[in-house]
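Chemist: Please model the complete structure; the sequences and the hints are all you need to start from.
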Amino acid sequence: MIFGQRGFDKLKWHDAKRACEKHGAVLATIHSKEEQDFLTDLMIEAGTDIWIGLQSHNMGAVFKWADGTRLDYTNWDADDVKSNALTQDLCFEILNKVEADGKWKWQECSKKVAYVCEKSRDPRIKQPSKAPFACETIKGWTRLGSSCYKVFNGNSTWKEAQSQCSAYKANLVSSKITIIAQLLRKRYTFKDVFYWIGVREMAQETYKTVNGHRLIYSNWLPGQPQNIFASTDNCVVINENNRWLVRNCQEEHSFICEWNTGLDVENITERNNFRDCSKEWKNLGSGSSYIFKEDTPLSWNKAMAYCFKHGGSLASFHSINDVKLVQDFLSHNFQSRFLHIGLTKDKDGSYAWVDHSPLEFTHWAIGQPNHKDHDCVEMTAEDGKWNDIDCDKTQRGFICSTPSRNCFVDGLAINSTNQGIHKTLTTGRIVGIAIGIFGIILVILALRVARIYNPYPRR
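The numbers in full-length UniProt numbering rise by one with no breaks, and the one at position 179 of the sequence shown is 179.
Derived from the structure by calculation, the hints contain no laboratory data.
All values derive from a computational prediction rather than experimental measurement.
We put the CB at the ideal spot given by N, CA and C, even for glycine.
Check the hints yourself; a few may be wrong.
[Unchecked claim] Below, in silico cross-link-like pairs of lysine-lysine (DSSO-like), each with a Cα-Cα straight-line distance of 27 Å or less: (1) Lys169 <-> Lys309; (2) Lys309 <-> Lys139; (3) Lys169 <-> Lys282; (4) Lys10 <-> Lys22.
[Claimed, not checked] Computed beta-carbon distance windows for the label pairs: (5) His213 <-> Glu360: 38 to 46 Å; (6) Asn153 <-> Gly287: 36 to 44 Å; (7) Glu240 <-> Trp76: 21 to 29 Å; (8) Trp76 <-> Ser166: 35 to 43 Å; (9) Glu35 <-> Phe334: 41 to 49 Å.
Modeler: So this is what it looks like as structure tokens:
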């Protein structure tokens, strides 16, 4: 956890060390690239330099972590190392600078800096059985801080770019743009000169983010912003140096999407309303509802985007019964042989469902998976078996899934708090009942009128 983000909370290194110890923790140690990346992400989110638990002794002859563990990983700032001949014992901070990218810099221990504490997990604390959806499990997305990012190299207008981001429940990047772009350039190839970002002119010479927020930070190229049109059809790109400049929104450029990871698949699903669910979702009785797009071949990532846009994810399966129900439906309704499903290879090489439900069941074909470079999975319609495939090159139809709770599907109302399925009255039935009641009322009125005008019935 990072402390001291506000100026008056910053502490000297030894005071920060004691503050962590009061919490039963230590100043953070770093023993791997994964830990370094994690702390770099935290630092980016906090927007400040941070103390770590490393200190030099004997004028730089010895380096020790505050918890006594050995120094087995380093990420020195090269320029800092070359320029310093130590004449005193110093402490170390992680630099929050674009060009430094989380490098370690020695600093006088008396300087007041934010700091990060590290505490071993209490073994008595049970971890949640279902982790929140992690956007970085989707191939091509990279987590930096609390958001994920994807670089799209291709030609799109600003509006088209924002629309493609929206398919992932994301937006064009609009926060910490300069440092995010700098970090992404170190991980990906930027093929074009200009990349759309989530900033455009909302009113005459007034630029705001794609969400309509005012700019609290900018990195304009000298002479910018210079409006191209008198109208408000002016949007913003970054150049190869991550400086901002105005371009016509109708020009076609590459772009960067930003996905806030607080949004998970379950929350997306729960925002479905009855009208949306009734269009394409099929309830087969397994607790999940499905969309089948066997006639729409897409790459795995584009198929996933379609499912997200419609309130679900690529399908997950948790028993042979789930597979058999879908397989049977396919055999009676479709001709497609192969379909994308939501199983994908994680960073450590293991497989996981993209909706982050537990992987307690698999149905691989014989000899599968058999390609180390294939990170996605398809289902064979005739036997329901799974094969590993290339996420980008393999065009397939696909299956989306979502929990059936609180959703109208094919005239049935599904309620997650009551496991039963209750028939609902369709509009036609309601109209029919209303007409019937109205007819009965007319008959009763007619009989009463007849009695009034003929009070003496015939014998």
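Chemist: Would you mind marking each hint as holding or not holding in the structure?
Modeler: Hints versus structure:
{"no.": "1", "hint": "Lys169 <-> Lys309", "result": "7 Å, holds"}
{"no.": "2", "hint": "Lys309 <-> Lys139", "result": "17 Å, holds"}
{"no.": "3", "hint": "Lys169 <-> Lys282", "result": "23 Å, holds"}
{"no.": "4", "hint": "Lys10 <-> Lys22", "result": "16 Å, holds"}
{"no.": "5", "hint": "His213 <-> Glu360: 38 to 46 Å", "result": "42 Å, holds"}
{"no.": "6", "hint": "Asn153 <-> Gly287: 36 to 44 Å", "result": "40 Å, holds"}
{"no.": "7", "hint": "Glu240 <-> Trp76: 21 to 29 Å", "result": "28 Å, holds"}
{"no.": "8", "hint": "Trp76 <-> Ser166: 35 to 43 Å", "result": "42 Å, holds"}
{"no.": "9", "hint": "Glu35 <-> Phe334: 41 to 49 Å", "result": "47 Å, holds"}
In this structure, none of the earlier numbered hints is contradicted; all agree with it.
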